[in-house]
Amino acid sequence: MDFKFSERENLLRKTVREYAESEIGHRIHKMEETGEFPMDLMETMSRIGITGVISPQEYGGVGLGFMARTIVLEELGRVYAAIPMAIQVHHMACAALNDFGNEEQKQKYIPPLAQGKTMGCVAVTDPSGGSDVVGMQTRAEQKGDKWILNGRKCFITNSHTSDYWIVIAKTAEGAKGLSAFIVEKDFQGAKVGRKENKFGLRGANTGELVFNDCEIPRENLLGQEGGGLAVAMKTVSDAGRTGMAATALGILTSVLEEAAKFASERKLYGKPISKLQAISFYLAEIYAELDICRLLCYRASWMRDQNMRSDTENAMAKWYTCDAAFRCAKKAVEIHGSYGIMREYKVQRLLRDAMVTIPAGGTAEVAKIVMGRAALAPYELQR
Amino acid sequence: MPDPKYWAQLKIDPETKILIREGIPTILNPLDKHALEAALQIKEKTDAEICLVSMAPSSAVMVLREALAMGADRAFLFSDRSFSGSDTLATARVLSAGIRQIGHFDAIFCGDFSLDGSTAQVPSQVAELLNIASVCHVESIKWSEEDNFIWVTQKIEHGDVTLRATPPILLAVTKEINRPRHISFLEIIEADEKEIRILDNSGLGLEPKTIGISGSPTQMADLILHKGQREGRIITGSLTEIVQQLTERLTQSGIL
Numbered sequence: 001m002d003f004k005f006s007e008r009e010n011l012l013r014k015t016v017r018e019y020a021e022s023e024i025g026h027r028i029h030k031m032e033e034t035g036e037f038p039m040d041l042m043e044t045m046s047r048i049g050i051t052g053v054i055s056p057q058e059y060g061g062v063g064l065g066f067m068a069r070t071i072v073l074e075e076l077g078r079v080y081a082a083i084p085m086a087i088q089v090h091h092m093a094c095a096a097l098n099d100f101g102n103e104e105q106k107q108k109y110i111p112p113l114a115q116g117k118t119m120g121c122v123a124v125t126d127p128s129g130g131s132d133v134v135g136m137q138t139r140a141e142q143k144g145d146k147w148i149l150n151g152r153k154c155f156i157t158n159s160h161t162s163d164y165w166i167v168i169a170k171t172a173e174g175a176k177g178l179s180a181f182i183v184e185k186d187f188q189g190a191k192v193g194r195k196e197n198k199f200g201l202r203g204a205n206t207g208e209l210v211f212n213d214c215e216i217p218r219e220n221l222l223g224q225e226g227g228g229l230a231v232a233m234k235t236v237s238d239a240g241r242t243g244m245a246a247t248a249l250g251i252l253t254s255v256l257e258e259a260a261k262f263a264s265e266r267k268l269y270g271k272p273i274s275k276l277q278a279i280s281f282y283l284a285e286i287y288a289e290l291d292i293c294r295l296l297c298y299r300a301s302w303m304r305d306q307n308m309r310s311d312t313e314n315a316m317a318k319w320y321t322c323d324a325a326f327r328c329a330k331k332a333v334e335i336h337g338s339y340g341i342m343r344e345y346k347v348q349r350l351l352r353d354a355m356v357t358i359p360a361g362g363t364a365e366v367a368k369i370v371m372g373r374a375a376l377a378p379y380e381l382q383r
Numbered sequence: 001m002p003d004p005k006y007w008a009q010l011k012i013d014p015e016t017k018i019l020i021r022e023g024i025p026t027i028l029n030p031l032d033k034h035a036l037e038a039a040l041q042i043k044e045k046t047d048a049e050i051c052l053v054s055m056a057p058s059s060a061v062m063v064l065r066e067a068l069a070m071g072a073d074r075a076f077l078f079s080d081r082s083f084s085g086s087d088t089l090a091t092a093r094v095l096s097a098g099i100r101q102i103g104h105f106d107a108i109f110c111g112d113f114s115l116d117g118s119t120a121q122v123p124s125q126v127a128e129l130l131n132i133a134s135v136c137h138v139e140s141i142k143w144s145e146e147d148n149f150i151w152v153t154q155k156i157e158h159g160d161v162t163l164r165a166t167p168p169i170l171l172a173v174t175k176e177i178n179r180p181r182h183i184s185f186l187e188i189i190e191a192d193e194k195e196i197r198i199l200d201n202s203g204l205g206l207e208p209k210t211i212g213i214s215g216s217p218t219q220m221a222d223l224i225l226h227k228g229q230r231e232g233r234i235i236t237g238s239l240t241e242i243v244q245q246l247t248e249r250l251t252q253s254g255i256l
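From first to last, the protein sequence lines are chains A and B. Just so you know, we're using our numbering here: the first sequence kicks off at 1 and counts up by one. Just so you know, we're using our numbering here: the second sequence kicks off at 1 and counts up by one.
Accuracy of the hints is not assured; some may be wrong.
[Unchecked claim] Restricting the straight-line Cα-Cα distance to at most 20 Å, the calculated cross-link-like pairs of lysine-lysine (PhoX-like) are:
(1) A:Lys234 x A:Lys176
(2) A:Lys30 x A:Lys346
(3) B:Lys155 x A:Lys261
(4) A:Lys330 x A:Lys261
(5) B:Lys227 x A:Lys267
(6) A:Lys271 x B:Lys227
(7) A:Lys261 x B:Lys227
(8) A:Lys234 x A:Lys106
(9) B:Lys227 x A:Lys14
Hints were generated in silico from the structure; no laboratory data involved. Only a predicted model underlies this, so the values are computations on that prediction, with no experimental measurement involved.
Let the hints inform the model, and build the full structure from the sequences given.
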């Protein structure tokens, strides 16, 4: 086992860290105030390769894979987690197109996404709930050479900033009755709905997509008819859960930095509070949690790059890292005392952001169902 | 140079007075990044080739790889235990010997000073040893290909000076000259293929007494970490008196 990053991965990390600190850091306040994702960031992010990090070079991407993507998202998240939140969903759209698209679809849709000319999103969740995918209400019916889509998708990251939407809809009953479609925002009958006002990850846009007799050309069916569940599951697991985990990993990195810095500077009883055992235990726990999460996230990404099935590892990385980011952010706020709840201090934002990562991209409970199945599998086979 | 984030951990060997760099990451001197950007901007308009030179421990390969990813074409690292403890003059001897060995050049771009030593002596010393002209505090460079003149704006105490020069020349730049570009991932991939040649002193052939501690007329005596401390002072009196005292103090401190 080799736990070392390559020279290239280290340079990649350094590059993204410098980019995030110089280009995003000073814009956080405005994003927090307005709740808007600044679209001009797409241009600089694409110039570096962030938008196309997992997309193959033949489709305008960089083709560096999922480990590189995790490093990228982690470093962006260390500075401001709303950005990797938006970008990881953008990557989900790229991944769905690359994994399930035919050659024409790949050539048409991946290059503008990989090169950051526009954004993408993946819309699975209906107002009836995201965890019960099969029970969704959004329907598509075939009429002539078109699919007619009706329904509503909610809590969709990049809803109002994307031009290309990967939408999962019901085309028949049952688990094999879901299909995936590539919807362009300008298609007749497609529009954006409500824009959400979240308390965390504010710089990432979240909202509704509404379809009223939306006309989708037949060739925009993504994958097989009835293969929508596979598109949703693979995309959410491989790109969504690992992306959410990496975003939370960035938050956790920042949590440790803020907590350790404050504890070293703040003096009580004539010495820095880091010298108090109670505080040092808090810091030790955050430190260990960060390391555990890094190992979980990197393993899941590494497995994906090796084309190994990693549903359980993705679920574990997502559940544990998002939860740890929240637990540790709470500890960091406590270390800060009353300062921790003041808007001037970063830790309060880290706590808010970490909280939002928990239900996003699949709830903790759904992740546990995946892990529970894996835990029981060997024993069920013996029965 | 050693990463400033780790300067608190820097120590010097009590006997040799040499900086102990083991375990301290190396970074590209920030001003050298501006120098590289200036060279890259000229490369974009000409068919220039950019060659990086550095005297550093072998761990600096990573730093050179970063600079290659920015757009430089190839790199030379002069690395030898006998270079350890070199002061500015001994460093300049190594760099100039290395540059001479690489061959023809039109211009040498470097930062005005390094963030760690901050002596600002190496650029002029290298130019002197190579017997070429040099300009320091460079804030802008314009290369006229038609007549091969280089127009340089140099910052001086109370203004700017515009100079016209011909190659070969050494230009030591300030941070005002430009904003270094971000590296792209594709450039990182391409940099893997670019050449980094590591040369020790057997390749440069410098006299042992001219390099390292024995070749250094100056040596570090001690290393003290500066700890900034805030000094609180309460000014009393009427509003006018308070403002007067405050402005006096700020003037004395050189802030106003």
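Hints and how they fare:
1. A:Lys234 x A:Lys176: Given that 20 Å is the threshold and the Cα spacing comes to 15 Å, the pair holds.
2. A:Lys30 x A:Lys346: holds, 14 Å
3. B:Lys155 x A:Lys261: violated, 38 Å
4. A:Lys330 x A:Lys261: Distance ~16 Å between Lys330 (chain A) and Lys261 (chain A) Cα, so the pair holds.
5. B:Lys227 x A:Lys267: holds, 16 Å
6. A:Lys271 x B:Lys227: holds, 16 Å
7. A:Lys261 x B:Lys227: Cα-Cα ~16 Å, so holds.
8. A:Lys234 x A:Lys106: The given pair, whose Cα atoms are some 17 Å apart, holds under the 20 Å limit.
9. B:Lys227 x A:Lys14: violated, 28 Å
Checked against the numbered hints above, the structure breaks hints 3, 9 and satisfies the rest.
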